[in-house]
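S.K.: Starting from the known structure of chain A, arrange chain B on it as the hints suggest.
Chains A and B, in that order, give the protein sequences.
Using our numbering, read the first sequence as starting at 1 and increasing by one per residue.
Using our numbering, read the second sequence as starting at 551 and increasing by one per residue.
Any given hint might turn out to be false.
[What the hints assert, rightly or not] Computed, partial: chain A to chain B, Cβ under 7 Å:
| id | residue |
| --- | --- |
| 1 | Thr205 |
| 2 | Val227 |
| 3 | Gly246 |
| 4 | Asn248 |
| 5 | Val263 |
| 6 | Thr437 |
| 7 | Val445 |
| 8 | Ala449 |
| 9 | Gly450 |
| 10 | Val509 |
| 11 | Leu540 |
What the hints contain is simulated information worked out from the structure, not anything from laboratory work.
Just so it is clear, CB atoms sit at the ideal spot from N, CA and C, and this is done for glycine as well.
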Amino acid sequence: MRAKGALALLALAAQAGCSEAGRGGATAARPGMTDAAPSSAARAADRQIAHTLNRLTYGARPGDPERVRAVGLSAWIERQLRPQTIDDSATEHLLAELTTLRMPIAELLREYPRPDPKLREMIAGGTMTRAEMQERYPADKRPARIAADLQAAKVVRAVTSERQLEEVMVDFWFNHFNVFANKGDVRWYVSAYEREAIRPHALGTFPDLVRATARHPAMLYYLDNWVSARHDFVIPAGPNRGRKTGLNENYARELMELHTLGVDGGYTQRDVTEVARAFTGWTIDRPRVEGRFSFRPLMHDRGEKVVVGHRIPAGGGQDDGERVIEILTQHPSTARFVATKLVRRFVSDTPPPALVEAVAATYTGTGGDIPAMLRVIFASREFHGADAGLAKIKKPFEFVASAVRALGGRIDAQGGLALARASAEIGEPLYLAQPPTGYSDRAEVWVNAGALLARMNFGLALATGRYPHVTVDLAPLVAGSDPRSPADVLDRLLANIVGDQAGPSTRAVLAAQLADPQITRLSMDDRGPANTDVAKLAALVIGSPEFQRR
Amino acid sequence: MADPRTRRTFLKAGGCALVAYAAAPRFLLRTAHAAQANGKVLVAVFQRGAVDGLSMVMPYGEAGYVGRRPSIGLQPPKRGEADRAIDLDGFFALHPALAPLVPLWENRALAVIHACGSPDTTRSHFDAQDYMETGTPGVKSTPDGWLARTVKTRPANQTPFRAVAMGPALPRTLQGDVGAISMQSIERFDVRAGSDGSARQGFESLYEQGVRDLLHGTGRETFEAVKMLRSANASRIPPANGADYPRGQLGEALRQIAQLIKASVGLEVAFADMQGWDTHVGQGAERGQLALRFREFGGALAAFAQDLGSRMADVVVITMSEFGRTVAENGNRGTDHGHATAMLVLGGGVRGGRVYGRWPGLARHQLFEGRDLAVTTDFRTLFTEVATRHLGAPAAPLFPGFRATQPSLGLFA
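Chain A with its partners taken away, still in its complex shape:
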């Protein structure tokens, strides 16, 4: 039994090896293929590359380590920090069919209108059938299409983009300045939010991010600032004419607590109210027609404000908000808060204080320059330290994207949407974090029974080719291994998916699988099922403890 299974496995390995050789033998340079053992310096360098890929990208694809080695690790990092220098036309091509991604808000409001409430009444009243409704109001003309396109795009980019660090940072900053795609009009604003407020500044400066998010309709709507007005404001016109409105503290509080100072950053309830007063009048022009930022002097509280000890004189108008952003983004608490979050993302759930201080100092010294802060992290002893390897648990989206990448998966836009559902199943529905905190970046939140099973199930479906709209290519994962040695095939598979990080017990469990009767039940001449053997091993590796980490 055992021999048969091993043969099936080896047949695939040999075949993959041939095709690889036929393409020019790119694998010849791999350490496993050379006769001489790699030097310890080379091993250390390889480990450094693997670690960096784990942290700066959505996981290594087969061949990525070699590509990084070819250009040199620090040159590769520098290029990732300047994404516009990296050609990404293949990904752009895949995104082409997601047309809502590029539409301005006004066009989205026009093209994807909210359903007429009368339609629902007509169905309830029996004057219209569901089929007629579907025809008049097809699913791909509904507002839900906008978030679906954005979800699909996020997955496509994470899986295929060459600008990996940019994608990681777009995810990071979106989450930092979170908006919930299903809150009211945010539905129409959310893709523009990522495109206009987050992406252009993801590797820019932090104050620019605060400025861009503060005035974006998505944030204005999500945290209610668009309806916040001086305490005695009376709506002068329109359907609500004559209605008295007033201050709304929601944005002001979260701006300080979650975007800049941090909850212990040294502000009071008084500061919350003052900041809210400063931002009165920052609103949305015709939210269901234009959806553009506008400042309404009539709504604005013209009085003096005092914000964390800084006086803002009366009569500043729109500049009050700008001034608040200046005060907050120059505050030392903000430097520390942003530094802590970055270090938590890239280094450890418990950010080493010395590194946080160094990154905070860089923030202060550079005016919040994001690449400058990242350089400090990537060059730090803490980042490369012995205990940093696999110290982080992948969040569900990171896990999904990295699994597809590790198995050489190819997807299109539909695949992107299908994989977005996998992320949701494991606990992270994309763009749908309801609270302003966004999703957690800590292990305790993501490691739990239901989610772990969902990860294993995803690994199984993906590796065995059952996941819709995703094709994986397992042959290169075992290419170049010695077809006479099952252990070598397994080693190659592990090396390609988890680098040299597979623990001895994982290795032993997988080796035992080679002898499993259910794995070896298939005949050698059946090429398809032979693939299943490697597929099952690959699924186990994707579901293994090591692959849950980065």
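M.R.: This is chain B only, laid out in the frame that chain A set:
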């Protein structure tokens, strides 16, 4: 008493996993108490986003309520008029959308604790939820949650289902060394490899050995739970007594918690949460946004009680929210973050049909920081009482640093 089936089923299903002590999951490692679990279940429901306690349980007899909420205030109850707040005791009234809870109130199975909350003054959702879940207001470094600590004090019970959270993530309150399970769906809680058992076995082996860390520990517990759930067939148990759960997050969660209770898998503590209470804009009054949330909330709790029927004698449900909302309506027909709120307790042994807690009043000088309902019952007083009186847990380890300054509420007979 625990159903004797529990342990047997488990032994059969768990097989040799029980023998391997080194790899034993955390729920097996607490053998300090030899006694059996007493079959009691505590269900905690978290209303995330800060529910407006003044709308949930309206103080219509309070002069200070009048005029503070011109567009979102509730009309006081009036006999014979539907769609009005429902009188509870001549001073308080239930929001009309909570009508499904009225029979429980009348049966004295439902109690209200008003002006309840945290001694910490934060108005940050995140911090306040953290404090309420750890049970340590003002202290962020607490490693575990109060529900986890509660489970820890109880006699050993050889089941992975002692503590369960319904949802995609393990809530802070069940984090800690007790091996709590979280799941989105009972039905999908398995390795789905078709008829091929080798994949399940492979995954199980991967987590059986190796280092003792969060990931491996969770993995081991997961597979014990999978086996037990499969043999208990919990997902096939239908709602009983005509219980009709409303669609939505909370209804789904409570329906499945009821299945776990009825499957006798040894459940002691369950957790569910419900979002959407952060009503800064357009809160509504008798109808509207908040009313819709209450409809789901009340409907789900009522269906749960009905579904469990006489089994509710062993079950207590407690609802909580991180803080309340401003007494005055804000500029957008909504409310901003406040301080005290109302919490509900229903189920076995509860002396219901009463509103507990000292009412602090809503006159301006009576308000916390001049704007919010003041806290007169520390949430830890309430939680302690429920955990000790219902579950029989010792009070001491539940809320470190807490010294009760008020007498117990007398919630239990």
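S.K.: Any CB of chain B closer than 7 Å to the CB of Gly246(A)?
M.R.: 3 Å, holds
S.K.: Tell me if the interface restraint on Val445(A) is satisfied: Cβ within less than 7 Å of some Cβ in chain B.
M.R.: For Val445(A), the interface hint holds, since the closest Cβ of chain B sits about 5 Å away, which is under 7 Å.
S.K.: With a cut-off of 7 Å on the beta carbons, see whether Gly450(A) makes it to chain B.
M.R.: At about 4 Å, which falls below the 7 Å cut-off, the nearest Cβ of chain B leaves the hint on Gly450(A) intact, so it holds.
S.K.: Going by Cβ atoms only, is Val509(A) closer than 7 Å to chain B?
M.R.: 4 Å, holds
S.K.: Could you check if Thr437(A) really has its C-beta closer than 7 Å to a C-beta on chain B?
M.R.: Interface hint status for Thr437(A): holds (5 Å vs cutoff 7 Å).
S.K.: Return the status of the interface hint for Val227(A): holds when the least beta-carbon distance to chain B is below 7 Å, violated otherwise.
M.R.: 4 Å, holds
S.K.: Hint validation: Leu540(A) versus chain B, beta carbon distance must be below 7 Å. Holds or violated?
M.R.: 5 Å, holds
S.K.: Against chain B, run the beta carbon of Thr205(A) and see if the smallest gap drops under 7 Å.
M.R.: 26 Å, violated
S.K.: For the hint on Asn248(A), does the least C-beta distance to chain B fall short of 7 Å?
M.R.: 5 Å, holds
S.K.: Take the shortest C-beta to C-beta distance between Ala449(A) and chain B; is it under 7 Å?
M.R.: At about 4 Å, which falls below the 7 Å cut-off, the nearest Cβ of chain B leaves the hint on Ala449(A) intact, so it holds.
S.K.: Against chain B, is Val263(A) within 7 Å by beta-carbon distance?
M.R.: 5 Å, holds
Hint check: a violation occurs at hint 1 only; the rest are consistent with the structure.
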